[in-house]
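Please work from the sequences and hints to get the whole structure.
2 protein chains.
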Amino acid sequence: MQNAVCGLAAWMSCALAAIVCSAPPALAQTLPGSGPARVQPAVEQWSIFELVLRGSTEGNPFDVQLSAKFTLGQRAIEARGFYDGQGVWRVRFMPPEPGVWTCQTSSDLPELSGRSGHVTCTKASTPGNHGPVVVRNTYHFAYADGTPFHPITTTLYGWVNQQSEALQEQTLASLRELPFNRIRMMVLPIAWSQDNVPRFFPFQQKEDQSWEFARFDPRFFQAIEKRLGQLRDMGIEAELILFHNRDGGRTGFDRMPESADDRYVRYVVARFSAYRNVWWSLANEFDAIRTKRDADWDRFFQIIQSEDPYGHLRSVHQMRRYYDFFKPWVTHLSVQSELGVTGFGRPVIYRQLSRKPVIFDEPKYEGDIPDGWGRLSGEEMVYRFWVATVGGTYAAHGETFASEPGVRWISRGGKLVGQSPQRIAFLKQILATAPAEGLTPIEPQEQTQGIAGQHGKYYLIYFGKSSPTEWTLQLPRGRARGGTRFRIDVLDTWNMTITPLDQVATIGEEPPLKITLPGKPYIALRIQRID
Amino acid sequence: MQNAVCGLAAWMSCALAAIVCSAPPALAQTLPGSGPARVQPAVEQWSIFELVLRGSTEGNPFDVQLSAKFTLGQRAIEARGFYDGQGVWRVRFMPPEPGVWTCQTSSDLPELSGRSGHVTCTKASTPGNHGPVVVRNTYHFAYADGTPFHPITTTLYGWVNQQSEALQEQTLASLRELPFNRIRMMVLPIAWSQDNVPRFFPFQQKEDQSWEFARFDPRFFQAIEKRLGQLRDMGIEAELILFHNRDGGRTGFDRMPESADDRYVRYVVARFSAYRNVWWSLANEFDAIRTKRDADWDRFFQIIQSEDPYGHLRSVHQMRRYYDFFKPWVTHLSVQSELGVTGFGRPVIYRQLSRKPVIFDEPKYEGDIPDGWGRLSGEEMVYRFWVATVGGTYAAHGETFASEPGVRWISRGGKLVGQSPQRIAFLKQILATAPAEGLTPIEPQEQTQGIAGQHGKYYLIYFGKSSPTEWTLQLPRGRARGGTRFRIDVLDTWNMTITPLDQVATIGEEPPLKITLPGKPYIALRIQRID
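Those protein sequence lines, which keep their order, are chains S and P. Count along the first sequence starting at 1, add 1149, and that's the number in the working numbering. Count along the second sequence starting at 1, add 1149, and that's the number in the working numbering.
None of these hints come from the bench; they were simulated from the model. Keep in mind that a hint or two might mislead.
Calculated cross-link-like contacts (lysine to any residue; reagent style SDA-like; alpha-carbon spacing at most 25 Å) [unchecked claim]:
1. S:1614 to P:1619
2. P:1476 to S:1500
3. P:1505 to S:1630
4. S:1476 to P:1603
5. S:1476 to P:1448
6. P:1614 to S:1593
7. P:1505 to S:1469
8. S:1606 to S:1473
9. P:1476 to S:1593
10. S:1505 to P:1476
11. P:1505 to P:1619
12. P:1505 to S:1404
Estimated spans, in silico, between C-beta atoms of each pair [said to hold, decoys possible]:
13. P:1382 to S:1592: 38 to 44 Å
14. S:1286 to P:1368: 35 to 41 Å
15. S:1358 to P:1661: 52 to 58 Å
16. P:1519 to S:1636: 34 to 40 Å
17. S:1518 to P:1248: 55 to 61 Å
18. P:1477 to S:1468: 20 to 26 Å
19. S:1440 to P:1595: 34 to 40 Å
20. S:1440 to P:1247: 40 to 46 Å
21. S:1344 to P:1661: 44 to 50 Å
22. S:1646 to P:1593: 29 to 35 Å
23. S:1363 to P:1247: 55 to 61 Å
24. P:1321 to S:1665: 56 to 62 Å
25. S:1592 to P:1358: 40 to 46 Å
Under 7 Å between C-beta atoms, here's a sample of chain P residues computed to sit facing chain S [what the hints assert, rightly or not]:
26. 1468
27. 1471
28. 1473
29. 1475
30. 1477
31. 1488
32. 1494
33. 1495
34. 1498
35. 1589
36. 1598
We put the beta carbon where it would ideally sit given N, CA and C, even for glycine.
Right, here's the structure in full:
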């Protein structure tokens, strides 16, 4: 994170951003500790520039309205500020474009208002900084700079609120070795045991232990921000799940008054939206949260859409009943379904009905717990990833082994012991060779195999649980110039081997090419145009 | 149809309804031809009572506002009237409940306003009169009297606007011999040849041949009503498709001004909604009608919801892009999809996403035309009906044989020559034995067969294109009392045979029952509890 202090000393310890932040001299004189404007190093595109302001904490400083308008030519971004405790307010800005942005604050606290300056933003140059992820080609994703993004997701609901910093560090260390480039995590704590009480909670507590919803505990959010920044720097997108009812009823955060809900959503958005790796998920199993109506979810979406100036991806995850995904603020589907990824052709239906990217964020998890949702074999977990892939959609991983003491990745993080992650890494490696447009399911959708690709360029054929020993390959005519030649690899998606064939496939060839296959399950063919 | 004339001679030729329709004496005196109130025979529940009124035709009589409020105890139904030409206005009322309903008209034409009387409605007694169809048990349908309704649909887009009355009569004669209990038909004419110009059009024409959208041609609608009544009396539901773009651009009815659209929708609803067999479909392939936005479709739905006092079923049919079926005015899905009914488990996804009844209204058609959508074999058409059925959904039939001169059932009606209808009749016969709650898909949804039923009562297992010679039947434990016994029939869905097995299946039996099957495709098992 990069800080800039408007006429004040740097408050945070990280590098300073390039800004001449000149408070109007008249006003500056009235501020304690205010001094001359300072020139700071440049801030990189899609990283965070932070304005730090001090003011009077009379009343409830969380009630202070503060925002800063950043302007570059015809483009203006209004970023909300937030109170971070200790008399300090911050406004974070993720510059989407290189150039010299001017900034101007407004606030109902006079000493925070009317501060102006400029921020020099340089072109993204840090390896892995491709900007935030956006929807691309209707059903797929890409970073803002155009680099394709194939979500390879794992589920880490409670990791960020674990009491043990060491466990959190272990989770990060695990992620460094794993293929995942997106994690799903709850903002609010999930159920905890006595030896794992969250260190912080989002709200301050009154003497009677009840929550003071109008006063946040900044430490709770700072701890999350630290992890968000680390994930970002590791190239991992963080889907932040704002509500859930998975704390065993302890906090009551799933049944706050409407005003507290809204205040919480606004605060989270003000704090986190400048992290380029943030995705918003309104809830885990929104339909299980009985205290909220659809109008509440609509309102949360609208608040986020209005207050997040970067338009980070937005969705909501269901248990059984789906939220109306036609609504314009839903950018993609975050589906819980086993059905959708256990038969070829099925994922395509979700695409057709929604015309949005589809992520099967809970297709059940690898593990051995008694609950049906957490006892998939590694093979089955990987199979579901592949069915999703050749359906032009995406799947998510989760792990729940009861047999490994203390390890329950989806809840706490730590280490993975399952067999699927390395195969998911293999899939990721294959996806890296796919066309930038993303994989489009190819008609007709048979029940025995799935085919996706881009006509005339690339085909991926997955045979799932069937074990063919031979496959007659007839590439579709009419979609590419006859005579176009393709090289073929046989992929063993479980044993992670890529076996190039001597044979070459040609559009329109007669008789069609017969390919010998290993007669095992989980085989795929990759067919790439020879240029 | 039953008429009543408020102090006037009966205008239509059918039987008169029971009504004492007493115009206020003072007003009655001012009306030409008004006389004493008359007592008429009773009108049957869910049939049509019609109020006939005469008035001045100065100005545009189609602009006259007219409605009648029918009241029975705490229940009131406001029915819109319409101008039917020749100085006659009508208000139609489908009494939903037996009893003596009072009625009172209001209008901006004084002589039509303030007429009052009462209508005696008797309990439905005509065989086949079960009332209008409503949604039942979330995913299914029933008549208002509770009788289950399994839609067995055929497509007859243009039949009602055929020039030849004889052809229309032939279509009706065909329908009398066919299993279909629901037809999909366009209100507006579809493309026609020179020898088949529609006799009437919905609007009057100006001298320059342009349409006078503010003046309807009642004959057009009277011709449709005649057919609607005949269908109703044959027990056939009529889905009226209000808009389409399938007339080759001849009429321009797909690109009328908004005011003309709305006026047309209101007029259609005022005329037709008292027919108990009416369903509303806003469009065939709404997304192909480029001149309308989603806001238009929303508005049409809202007009219908507001002006149809009986709440007839409402949907809209898509080509590719789906209308937001979460919207509250959509009662069920009317889907165009081949994908959805060509793999087990796929139809279930539409149910899960919508939580509404799903009808695959265009899964492609039986026929031999070059277009891909009209060249299914009979086997394939029937297969799709069964895949839909064991997915807890419904499919629709259509026929397009180019090889049979003059026969193009979906466009014109006439006679069917395909092989599917009698097999669809066989399916209908099987469905008649299904539980009244409807068929619920049973988990897990395998790729090799589909299972639906009601746990502990009834199971229907369909093997589709696979040809098993043996099947191990393990009825799910835990959903019904152990030891419950079931009788089994082997159904050959193509050859239309029902073969009862000597074996009896029992919940929880070990080893599970092995059933010998004929090793042919299109086999199903029907498993019914022995009470």
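**Request:** Run the structure past the numbered hints and jot down the numbers of the failing ones, going up.
**Result:** 3, 4, 8, 9, 11, 12, 14, 26, 30, 35 and 36
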